[in-house]
Structure formats: structure tokens, C-alpha cells
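Chemist: Listed below are the residues making up each chain.
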Amino acid sequence: MSTNARSGSEMSVGPLGPIEYSGARRVGGPLLAIAGVEGVGWDEIARVRLPSGEVRHGLVLEVSGDVAIVEVLQGTSGIDPALVNVSFEGRPFDIPVGDGWLGRVWNGMGEPLDGGPPMLGRERRAVNGAPLNPSRRDVPSDPVFTGVSVIDALATLVRGQKLPVFSSAGLPHLDLAAQIAAQANVAGENFKVVVAGMGLTHADAAAIRDVLETRSAQGDLVLVLDTADDPVVQRVLTPRVALTIAEYLAFERDQHVLVVLADMTSYCEALREVSSARGEVPGRRAYPGYLYSDLASLYERCGRIRGHAGSITLIPVLTMPGGDITHPVPDLTGYITEGQIVLSPDVHAKGVYPPVDVLSTLSRLMRKGVGEGRTRADHMALAAQLIASFARARSARELADLIGAEALTETDRIYLDFEDAFLRDLVNQSSDESRSMEDTLKRAWNVASVLPERELTMMPRAMTAAYYTGNLREGEGGLGADNDPAPVRASPPMGDDHG
Amino acid sequence: MERVNGPLLEVAGLRGVAVLDVIDVGPLHVPAEVVSIQDGRLTAEAFEYTGGLRVGDGAVSHGRPLSARLGPGLLGGVFDGLLRRLEGGPTWLVPGGFGEMKSNASWPFRPALVELGADLAPGALLGTVTVGSNFEHRILVPPDAHGTVTQLAPAGTMGEDDVVAIIGGSPVTLCEEWPVRRARPARERLQPVAPLVTGQRVVDLFFPIAHGATAAVPGGFGTGKSMLLQQIVKWADAEVVVFVGCGERGNELADAMADLSALVDPTTGTSLRERTVVIANTSNMPVMARVASVYTGMTVAEYFRDMGYRVVVLADSTSRWAEALREFSSRSGELPAEEGYPASLSSSLAAFYERAARVRTLGGAEGSVTLIGAVSPGGGDMTEPVTSQTVRFVRCLWSLDRDLAYARHYPAVTWRHSFSLDGETIANWHASEGRLGWAEARARALALLAEADRLDSVVELVGVSALPAHERIVLLTGRLLREGVLQQSAMSERDAFCSPAKQTALLEMVLAVYDRCLALVDGGLPAAVVEEFDFTAVTRARDETGPDDADGVIRLRDEVLARIAEAS
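As given, the protein sequences belong to chains G and H, one line each in that order.
For what it's worth, the numbering used here labels the leading residue of the first sequence as 30, then goes sequentially.
For what it's worth, the numbering used here labels the leading residue of the second sequence as 4, then goes sequentially.
Source of the hints: derived by calculation from the structure; they are not laboratory data.
If a hint is listed, it holds; no wrong ones were tucked in.
Covered by chain H, per the in silico footprint, the following chain G stretches (three or more residues, Cβ under 8 Å):
id: 1; stretch: 159-170
id: 2; stretch: 310-318
id: 3; stretch: 389-398
Glycine included, C-beta positions come from ideal geometry on N, C-alpha and C.
So that you can see chain H by itself, here it is in the shape it has in the complex:
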């Protein structure tokens, strides 16, 4: 070791090391990533606290870049940015605090129907192990192996390092290593087809996201960003969820974990924890591991994608990741671009978001990784570099609005500055599911919301009585859409999740009420009379019917329409 300046290290005399390889330095084996090599001097960034490291301390190369150990132990676990298991780890995370990383866990293995002597390509199924109560974890030929099978393990209990098969002369174990910065290969990218149902109406109805697409969620503090993400962790219709807590609060993470353990997945009957992998690099943990954590999370997601599963990655927050990139580049003396961020910020963001995809896997199955990244704009400024760069690379934007949050309108996703580029694809999917009116209802509702916003600003100037009757009905409908459809209570058992059928029913109910009221004022009834009708049944329908009770909503709609008819 020649130089220590915080996490920035310089080492001389170590040979056979490539850029991005990991080296261990000092007596406590602090891991560090090599970032440049010049005249035999390595510059490396340490992943842990470097206090006490001295000039003259030794360094050993791992001989490979930062890699994740992928295997059946991932589901249900909590890991740090380097994928070291935190549960069972030390209370205080100090260098050298983690012991041996290998676990003694074992799982029941069942071999697939593979004939010895067959020629196998990467992605071919070798067998399955059951993880948790009923998750089928598929063991595949790794992307870098192929050849003739000369041995396949029989059914039985296996540990992480037990050999499943020998292929092309090399053993394939239950666990494999993969460098986290490199995307795992797939046969081809596929077009998005179906939506990721989040159960959150404002997302699914208005700004839907397809399996394999990307979304950014910018929001200042207090706008309910983490809450929205947690709702998606709980309710998204995916087989595996990877949650990357990147530079966020420790208490929040503890709370989310407790919630996930308590909630039961309605489709499998097991705790939601069992389908979730948590990568936790809270804000007080070392900054360099924060850079690694998003790549680690993505690699874990791709691993499950390759088994043919639909995976969702939630990264909270990508801004903290970008800040870690900034810290790193400023320490290594790079010329800063905007606000001190490195000029490579936008290409790093773009490359990261591009790892999300729906693919045909090497084994021929269909799998997807959907990426949802929270963004924390400093001072709520949407023009700051991370936010403004991110929105260029995503398919969906769910902007959180402070005014809505202050008005306790949750989720505070604003319809003014959000978008989805997959609306049409998803409209086709809904049509194929028998909801033919979905696209039209969505378009009408978005137009009504925009018109209601415009009218609201007019009313602030001239008062509501100056508006013509049909515009007053638009205002009324805007309120019903906000309170009856867009707002959703994460605390309510009935409202926290809403099925696509119920979502559509709620939206169509408000539109039906709008049509009826419009007909009444066109028929000469004063708008003031219509405004006095009792619409609480409309705004409460979301909470008075079960999560999938579309018929209940339709019944309520008919009652409301009948009462309006009576009253007029």
C-alpha cells in the first residue's frame, strides 16, 4: 500500500490484476475495487471503513471482479450491497466483522429429466430445489458452461457447494458466481405485452407499467415515495421481488421487513417475505458498497429471470446511488460536470435502466425484470441532474407532488407530470381480458382531470358561480375521480390492493355518474342542485367493497344512478 485517503487507496507491486477486480487490503481484509492502473500502481476504492490502514500494508487480489454468489439461499434473506447476509451478521458492521460467508443450509433437490451423455447448452434445466414452503428454484446450466453431461446428482438434500452435475468436464454447483456489473445474457429481448399489476389505481389505470419496463418515481421528502414503493413490494404480481434499500432509513427498512413477514401472499398462502430478496445498504453504511448495491440487486433479479420468472426490482433511492458515484469520482479527481456529478452520470443511469427487460432466456423460457427506481430530487427540484437524466431513460414516470401529499391525497402521484409510454400495449392486454372499454375510460378520465384542473384555476379567480353548468359538472367529476379513484388507503384492508376488474369498475362508475349528471344539467336542472346530491357512495365505494369485488362496485353504481334519477 502506498497511499490511503479515506476509501481511496493506492497499491503498488500487485500483478495480474485487471480493472474492476476486487482486492483485499490490510490485516482485516477490507475489500476494495480497482478503478485504474497506471505504471503498476493500482487505484482502488474500499467498500468498508479504512481507518488504521497504513502505507506498507499488504494487498491480495481475488482475481475477478465483484461477484454475487447466487443460489437458493437468496429468497427471504436480507443482504448488504456486496450480498453478504446481514441476518446473523454482527450487530455493528465493522471491517472484518463478517465471518465465513458460506451457509450450511440445504435444500431438497430433484433432478430434471436429463440423459447422461446429452449435450447441454447454457440455460438448460438440470433440476429444481424447493425453497421456503413452495418456491420452485430452478438450477440451470450457467451462462458460461456447456458440453456433455457426464454426471447428474440424484434426488436428495443438497448444500450450496454440492455438485449438481458435471458438464463439459466442469462441475456445476447449486450456487454460481456472477460479476454484478455485467448483465446476464439472454437469447433475445421481447416486446412488453402484459402490465405489472401493482394494485395501485393511479398506476395501473393511468400510468401503467409493463412487465420488463422501467419506471422512475421522483418525489421530495414527505411525499410518500417509500410508502408507494412498499405497496408495490407487497402487491405487485411478480414471482420474485428484489428490494434495494440504497442509502435510505434503517427504521423504515426494519418496519418494511416486519410488514412483509406479517403479510400473506394471497396466491401462494405464504408470507410475502418468502418471495422477496432485500439488499440493504442504509444511509449510514459505507458509501462505496452503495454503488455496488444496485448492480447486486439487478444481478439477483436477472438470476431469477433466467429461471423463467417475472421479477420486480425496486431501488430506493437511485439518487443516493448517483451521489455515491459523485463522491467516488470527486475523490479520484475526475472533472466534475453538473452539480459535481461525473460526466458519466447519464450513461451510467441509462445502462442501469437498460438491464430491465422482458426476455427469451438462454433456456428458452420467458422471464422479465421490471425496474422501478425512486429518485430524491434535492429541494424538490425536478431539473436537478439525476432527475432530469433519469426521466429520459424510463418508460413510465410517476411524479409525486408535495401539494397533493400535504392535502393528504395519497398516493401523491400527480396526473399532470406523470407518463406511461406503454398505455397502448396495456390497453390491448385489457381488451384481450374482456375489458374493452378500458382504453376509452382511461382517456376520458385523463381529459376530465386535466379540464378540472384548468377550471379549478379559473374558479380561484372568478368563483364557481361564473361557470356554465356543464363545466361545474366537470369540476364535480374531477373531485369524484380524485377521491373515489385516485386516492387509495394503504392502511385499509379493502383498499390497499385493488384488482384490475375493480379498478375499471370504479372508473366506469365515476364516468357513468358524470354522464348522468351532464344529461341532467343539459336537461335544465341547475348545477347547484346536482352538486348537492349525496355522492359519498361514489367516494366510499373503494373502501366498502373487497379488493376484487367489481360486482359490488357495479351494484353501488346502479344504486347511485337510481338515487340521482329519483332526486331529479
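The shape of chain G in the complex, shown without the other chains:
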């Protein structure tokens, strides 16, 4: 796979190097119109030089006759059409690839933010990538461990999967994203993480840098940060830069790579802004009609390729505006991704971190990542049982809210205990606590064991025989709602330390 093959066509530059054109015919929004150009190709990168010596980058949006329309990535503020100089590079926007990205912090265009030298390298890749031939894809399998119990136990992330986090404003989704980026591993094999922040506040960006410092120092992490005050056109490039780095690591260096993209809602808003500046016909909620295809061109870059050892696993994080899951951003994301992790303000209000709404959370590929030889033989059945029981507990809770807990049947009251234990001992953990799969499964069984064995109808008998720990309770009698269930271990009060 040569550079040219990935970059599309050979875009030639004149024999004397790039020609510089002086003056623009029109400036407005992010766009410049340059007249009198020759041999400029669509989607080429342009260098825009201001009289002050400042250099900005732009992309060719349209060539028509001798006019090229250039979209300036850093915006056109301060550009005097008479005094600007523009040259064309003869290639699409691309970045060097190599290991030099690891352990460093970059801005959305791949320029250093940490005071280090710029990334250099002979091999370059166009950031737009190219579609992967679907017949070359390998089916995702084998788990990625996040160290977060509720995800590992109930919505296991599978190598090559795309599993988004749907959140709302005010919830700790960035904490969760950073925690996953800091802790994720594939049990001993080579593992790299690429985190792209889009439209982050400086405070959030600093917090993420802090949490990921150790991993970055080990040279296993690439951090690409676009902050809320960066130009929007750059935000559109940020995830592409991150994914291009990841594709190199995964498919040319045989690494397992996790890519975290946060916050995709900011990305989509940037896309909407750019689209509106281009004068395109708006679709639903004024997002461009191609939002689905655009998101797919990012999300579909994850996966596995037959004959390659590496993989790209993707976690897009997005905030649902107004908590609305039917908003175009979560909706179109949900159509492309393979499941979702949903964070809920209700669970957050109970002081549980991570505040995952278990019933609307789903990893569609989980079945391919768990079981004998991957996690443990009982994992899938246990997860299904816990979710089914939690759904039953939820209805018991709703009933109790209406008619009072005393009026519930004895079994339903045990379900209320189960709900408490579930949130307290399995879901809740601190944001710097990484739990092993073994620990997570042990906790899951302890929670399941709050219920009488007869309630575990989805578990094969051999599995309850091996792991069920609640038999002691069966003989005890007098199961009042206030009895402390024996098998549940003492644990710290909820929500004390997830800051």
C-alpha cells in the first residue's frame, strides 16, 4: 500500500514547485475564491499566506473554469483579499505516519501542543482514508477489557467494534471516556490508544491530559485535542487525523488500537456550521443531508482486516442535546454503530458512577467477545440473566413507588434488594479503579446470588452449581426487606469518590 494508492490520484505540482497566486476575488465565511488558477485539483490542500507571514491551510472545495474555491481551516478573519497569497500543494490533506505520534499531544491538525518537535516522516497518508473493501473484513471477536465492571460484564467491548457512549450535558461521560482510555487492554497483547477531543473546553482538555499522563508516558497513547475555541473547520479534520494515525498502527504495525472520539456532537455541529457556510441544502434539524454518510466515513474505519493481526475499536462519545435520543446525532450514530452505552441522569442522581442505564445499553457484538476461552463460559448467560432480573427489579420498584414496598410480594421485595446490590456492588466504582474480569464476574455472581436460585431461570444448572453463592439464604426464612443480604460484601457508600 503506497502513499499514492491511499491518496487517490497523483496530483501534480508544476515543475518549478507550487505557483503562488496573489489576491482573492472574494472572501467570506471560511471561503476564499481565487481566480486565474490552472491545474488545481479538487480536495487539494492550499497554503494561504498573509502579509504578516502567518500561514493558514485550506482545502479546495470547488474548481470551476479558472476559479478555485478554498475553505480556510483556520477561518478567514484578518484576510484582506488584495494582500493574500495562495499556493496549491497538489495533494489532499495528509499527515506523516509513524510511531512518532505516540506519547505526544497534538492539535486537531496534527501540530504539536506539548512544545515538542512537529511530526516528521517520509510516508504520508491522506486523512480522509479510503473505504475498506467489505469482503476483506474479518468478523470482530475477542474482548477489549475496560476495567469498568458494568461495561465488561454487561456490554463487553469487542475488538473491531464501534460502541458509542450516549450521554447528556452534566454527566461524567468525559471521565468515563478518559478512564476507558487509561485502563483498556487486551490482556497482555500490544495495545495502543488514540484519543481525539473535539470542541472540548480547556478545563476538560487539561483533565483528560492529567488522567492519561501515565499511559502517555509509556508511549502507548496519542492525544489529539481540538478545543472549543479552535476554528470549526479544524474540528472536522480532528477525528480524521486520529483515525489515520490509528489505521497505520493497526493495519501496518499490527497493533490493537482503541480510538476514543469525544464529543461527536461538537463535531456534528462544526459540520453543520461548515455546511451552512457553503450554502448547502439543510436536512433534518438543519444538519447536512450527508450527515449519515459523513459519520459512517469515520465510524466504519474501525474493524479488522483478514490477514492483519491488528484491529481498531472505536468509542465515539456524544452528548444528546436535550437528552433526546431521537436527535439526528445519536440517531444516525445508533444506525451505524454496533450497540450503545447510555448514561442516565437518574442513575447519576443516585450517586452511582459510571451512571449507566443498563436497560438501554447494549453491545451487539458481545456474543463474539465473551465465553469459554475469551472471558468465561458463564459470562453471556450471566449477563442476560442480570439484565432480565434488573428489568424485573425496575418494574417492582415502579410498583413499590405506587403502592408501597409492604404491598409487594416477598419475591418482588428481594428484587428491590437485588437492584440496590446491583448498583452498589457491580455498577458503582471509582473513576480510577480498574477491575479485573475475574473480579467483575465475581461481583456479578454475588449480585445474582441476592436472588433465590429459582429466580435464575436463564442460567444453566451447571453454572449456578459452580458459581451461585446465595444458597445459605434459602434456609434462613423471614426474608424481610430490611435484612442485609448475606452474600453481598460490604462496600463503601455509593458515589463518594468519583469526582
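Starting from the known structure of chain G, arrange chain H on it as the hints suggest.
Modeler: Coordinates of chain H only, in the frame set by chain G:
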């Protein structure tokens, strides 16, 4: 080339080009479709990435519209929207990445009994080749050829471009080209008669589809749409299945392919892959090829239909296709209608669905194309343009419901907002197969489900104890119908496919239990006592008997009825 704006190209000075002809542009021969011509300037939409194309680049016309190359190499293959073979193609799909499209494969040819000098019309059989282990691929006189046969190839091995016969002075090769936007002709359209058996109970029993009819499957994400479609790909009783993955997930496609290769067709003993043609235009592949992909899939289906086969086309998802139409029209500056979709959306949808039909082919055989299109309503909103337009043109609607899916009721086809217009036709077919009670059982079950839904909402307000006994039995029956008949496990070897006989037996079992329980409460037994009976045998029968074991279900029914009699 005069102008490049993404996939939208303007070319001047190219003559002899008609609208919808394909041109190749630039040094990498990026294919593009001409959409309008004004004063000698062509406007074209590129099928691939146009980065690097410049004003002044050259363009060459193919001299014909976008055409599919149809031949024996199709079955078992995976192709892109322009019918270029993806297996063996490049890993990364970049312009110019596909090499020579012709394959070196060859097949054993056997000529038909045709006398030299005979006058042949389109559709006449010239011979057959065997594809895969035992598929009889019929080579016919193409729709645009006719005349006297002056040469017919003898039996032997033939490649794609080898001449099978010379008819009316022109050679007919093993492969033919057909423009994908044009429906292939047939002698006449026939009325639907028999159902397409999908093996999925909620479809076959309640909302059945006939061979040659159309169905739409709307469902928000997470409602199991792709899963249902994949089940139909696996189990539909058709000779050929064309699966068009239009703007969907790559991983899902890889998974479906692996599944199909692993599964064996019970009737032929070969891998299900061998009867399937996959057109894959995943969501990250170029958008314009997505517009072409559904037409390409339909053309492939019509090609096999013309051989006298029953073909099913599954398009997942037609919404992505409509979005591609929208992208295209907005770029070419058309006035937008609802939500930015072009005003031509409904006529495009209607024309596409109308290509499905049961026909008398030009050669006189019977063949059919059944079309099942998934629809992805944005935000689950069934009033959005693509969904609301599509339901007007289809014979069947299988609506997927998010609440059912969340309750893990799969397939999540809701009986409230689904329909089939072919119920009566299919009832007649069942009667002719000896299942005389099918229509009545179906009607009773649908009425019971509707009544149970109404009662459920009453119970939420007043509690179950406020209902009279016979209504409580209706509620109970509603649950048994949902759990014992409507729900079906795609993961279970016994339950994934269910034969019509077993389907009917399961339905009649629940109705028999209903009748018996109703008689008991009418006889004075409290409803609460009946509700406490152990009905697990009823809800588990689907998984405890083989896929075609109607007798097993009947045995279980008799046991349950006997136990109810004992207990009362």
C-alpha cells in the same frame, strides 16, 4: 472538464453522449453518470472519490448507460454497487483500484435441443451451465436479440465471453450486459398465488408475503431489522437470493457472509452462499454507487427470474438509498421538497417497488422477483418522508417496534401497525395444501391479540382482578400467542426456521388451549385458578420440536389439554 465540486462534474465538448450514459474522467478513469446536458455541457455525478480531478482533465464516453454484466459468475459472489467483484479486489477501494473486470472462470456448458436454422425469439433456451455444485444456470436468447440460429456451441467448458450461439447474425455470449435502470421485459405480469415461506412465524402466519410481492420493514436502530432480514436471506424458499447491503455496516456484512457460508441449504445440501448474490455498498463507500446498487440488485434478480426462478431481493436499507438521492439532488441544485428530499422521491420509490413481480417470462416460464426493503426512519418517526411514501407502494408492511425489542420480544414485528394485502390469496393456497383452518385460525389470533392489547391497557388502570373471567382468559391467551407463536429465536437450531405445518400447529395449539380454558371459566372455575396452570409446555413447544415437527406439536397440545382437564 470544466468544473469539479465533489462528485458533481461538468464536462464540455464531449459529443454523442445521452443522458444517463456513463463517462470515464481523469487519468484514473473515474466512472460518472451523465445527469443533464445543456448547450453541449454535460453535468455528471462521479461514482468514486474525485480528489485531484482538475479543470482540463479528459473524459471518455462508454456510449451506453450504466450496465450490469450478467452471467454465471454472479452466484456466490460479493459485488459493489456497479457490480464489480469485491472478492479479489483491492483492500482499500480507491479510484482506479479495480483491475480488469473480466474473470477467467469457466463452466461446463450443455447445449439445449435447438435445431440450426430455427427461428428463435428472446427468452428461448440455448443451453445450461452448472454453477457451484448443482445450480442450473440457463443461457437464454437475450431480450434484444432474435432471428435464425446459424451456430450453436457444442457441450464443453466455456468462459464468460465465449460465443454460445449466433442468432440473426449476432453472437450471443455466456455473459450479457443490461442497463440497470431499465426493467428487463417479460411477456406478462401474473397474479400472486403462493406465499414466500420465510420460516418466520409472525410473517408467514400473520403478515404473509406472496412470491412476486413487495414488503417494507421499517424499524429504528436496535429493533432487529437486519437480523430479521438475515433470517429471511437464510430461510426464504426461493432459488436465488439477492442481498443488497445499501449503506449499512461493514462488520454486519462480514458476519452475514460468514453465517451464510456455514449454513447448508436443506433442500440442495450446498452452502447457502451458493444461492446468494451479495451487492455490498457499505455506508463508507461512495454515495453515488449507493444509488446504483439497488438498481443493480434488481437487475440481477430479473436476470435469474427470466430463467424461470423464484428470486428474493432484500434491500437494506432503502432509506440510505433515498438519502443518496437527496444528496445528489441537492448538489445539482434541485428544489428540495420535504426534509430536503427531492420531489421525485415518491415516484422513484414507486417505480423501484414496481419492478417486483411474478411474470410469464419471454421464454414462457414462470418466474418471480419478491422485494423486501428495509426502511430506517430517522428518530423512529414513521411519518418521515421515506417511510410514509414507501408504505403506500408495498403489499406488506412489517413494522418493527422499539418497545417489543427492548422487552427482548424478537422478531419485534408489531401486530398493531403491520399489514399484508395478500392474506386472502395465501389463505387459498394453504387450503389447497390441506390446511383448511389456516384463515380462520389467523383471523381469530389477530382478533385475540388486539383484544389482549386493549385489555392490557385497561389492566394498567384498574388491575387484573377487576376484569371478568373470560377477559382474563383473553389476556392469558395474548401472552401465550406472544411467547409461544410470535416470538422466535434466531439462535436456536430448532426454532430459527419453522415450516408452515408447524406454524399452523403451534397457532392451533394456543387456540385450543384458549377454547378449553374459556370453557372452564364458563363452567364456573375461577380465572385465577386457570392462570396458575403450568403453560410452559405451550410456550416451549416451538423450541422443543424440530423445525418441521407439526406432529410433535400436536402431541404436546394433547398432553397440555389432558393436564388441564386433570387439574380442573
